[in-house]
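Asks: Since the structure of chain C is already known, use the hints to place chain E on it.
Here is how the chains run, residue by residue.
2 protein chains.
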Amino acid sequence: MQHRKPKDFSDRIALGITLALRFIADTFFAKRYGHRAVVLETVAGVPGMVAGMWQHLRSLRGMKHDSRGWIKTLLDEAENERMHLMIFIEIAKPSAFERYVILLTQAVFWNFYFLLYVFFPKIAHRMVGYFEEQAVISYTQYLEEIEAGTIENVQAPSLAIDYYGLGADATLKDVVLRVRADEEGHRDENHCMADLLIKTAGEPLGNRFENIEAKRATDAG
Amino acid sequence: MQHRKPKDFSDRIALGITLALRFIADTFFAKRYGHRAVVLETVAGVPGMVAGMWQHLRSLRGMKHDSRGWIKTLLDEAENERMHLMIFIEIAKPSAFERYVILLTQAVFWNFYFLLYVFFPKIAHRMVGYFEEQAVISYTQYLEEIEAGTIENVQAPSLAIDYYGLGADATLKDVVLRVRADEEGHRDENHCMADLLIKTAGEPLGNRFENIEAKRATDAG
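Those protein sequences? They're chains C and E, same order as listed. Per this note's numbering, the very first residue in the first sequence carries number 1250; after that it's consecutive. Per this note's numbering, the very first residue in the second sequence carries number 1250; after that it's consecutive.
Be a bit skeptical, because a hint or two may be false.
If chains are identical, the list can't say which one is meant, so a pair holds when it fits in one copy or spans any two.
What the hints assert, rightly or not - Heads up, simulated SDA-like pairs for lysine to any residue below, C-alpha to C-alpha not over 20 angstroms straight-line: (1) Lys1321 x Leu1306; (2) Lys1321 x Tyr1412; (3) Lys1321 x Asp1411; (4) Lys1321 x Trp1303; (5) Lys1342 x Leu1454.
Keep in mind that the hints were calculated from the coordinates and are not lab data.
For reference, chain C alone in the conformation it holds in the complex (with noise of 0.2 angstroms):
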């Protein structure tokens, strides 16, 4: 099984979305992963970004505290996923073509994501989730080519040793495999995030301008 099986109708809804962005990116990019890498990762960087965002303006508005740290893991994803394209970069150069195409998916994508974060949190973070799920096969097929020789395993680029600690003859391959470890963990941690918005009833703060109402009354009892 390549995916979490869908259990209710907002799954499918983000299974459906993610299944139909793959089969655009398989047309546009069939085998250059590298090019897929450096196109996809400009659009991971988005929904960290987003929802990060989006709950650090409710926490402030509602003075609810962010009890279970989702502000920092999903500007932390956001951070990480830009590293990544800084990365593959190094690695494959994107055309003027693609360039563009970059500009006009974030104009498109930025909102569309927003929108969904706001009015249907569960299904943005599910849907997050199965996009990594994707992020993880077609990391797993790239590592194929490269252990395969069709694509040739180079020298990694020294902004990847740095940023993972890697040694200094470290290759594409081992950059690969810390990206796809990294893709596993936002899969994990948006899964989780949908799967917790349903346990409370959609409300990922603590609020605490009730708990304070709630110690008052304690207290004055």
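Replies: Below, chain E without anything else, positioned relative to chain C:
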């Protein structure tokens, strides 16, 4: 002298907006420093998030490296201001009216600051620099009231003790001293960023893409 001297027209705009908002805050809160802190920290958490998000999206779509570390600095600023808010709502509970003001203010200010940041990032950072100068003045007055005994020097909230690593017997005064030091840091960072935008012709991000081009040209040559 209470504030950095404006050096050009855009600095004067930033200072003018700041002093106008200061006047509104003075009228609204007078010497209710706890309430002032709560409401203003809900606003203070916005600029770092807007600026960090925007630089992140620019980094992704332009494939430019955040070589000066602005994104992390800005997002850390946003998190720090959110923590200030969480600390002060344990000291001064906002009224129902203030809670509505906070909702309205965030909706207006987020959009205002976003547009300002996209089109006039230098003014935006300068304005936050001036905002933070005002925050330092305001927390200094808060301290004077605590020292004069007008405001009771209550026990520090447990969240503040954890966040700043204070002793168990820490008081409100210790907390305000730490918060003021944070604001001094943000003041200097934002003025510095505004200055840097002049020096680097509006470009905080390193142009990694061009760097690689240049490197390849050198390697080939």
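Asks: At 20 angstroms max between alpha carbons, let me know whether Lys1321 reaches Leu1306 within a copy, between copies, both or neither.
Replies: Result: close both inside a copy and across copies, 13 angstroms intra and 18 angstroms inter.
Asks: Treating 20 angstroms as the Cα threshold, decide for Lys1321 and Trp1303: within, between, both or neither.
Replies: Classified as both: same-chain Cα gap 12 angstroms, cross-chain 17 angstroms, threshold 20 angstroms.
Asks: Indicate which option fits the pair Lys1321, Asp1411 if close means a Cα-Cα distance not exceeding 20 angstroms: within, between, both or neither.
Replies: Only across copies: Lys1321 and Asp1411 sit 17 angstroms apart there, 22 angstroms inside one copy, limit 20 angstroms.
Asks: 20 angstroms Cα cut-off: does Lys1342 pair with Leu1454 within a copy, between copies, both or neither?
Replies: between (41 angstroms within a copy, 18 angstroms between copies)
Asks: Between the shortest in-copy and the shortest cross-copy C-alpha distance, which are at most 20 angstroms for Lys1321 and Tyr1412: within, between, both, or neither?
Replies: both (19 angstroms within a copy, 15 angstroms between copies)
The structure meets every hint from the earlier list without exception.
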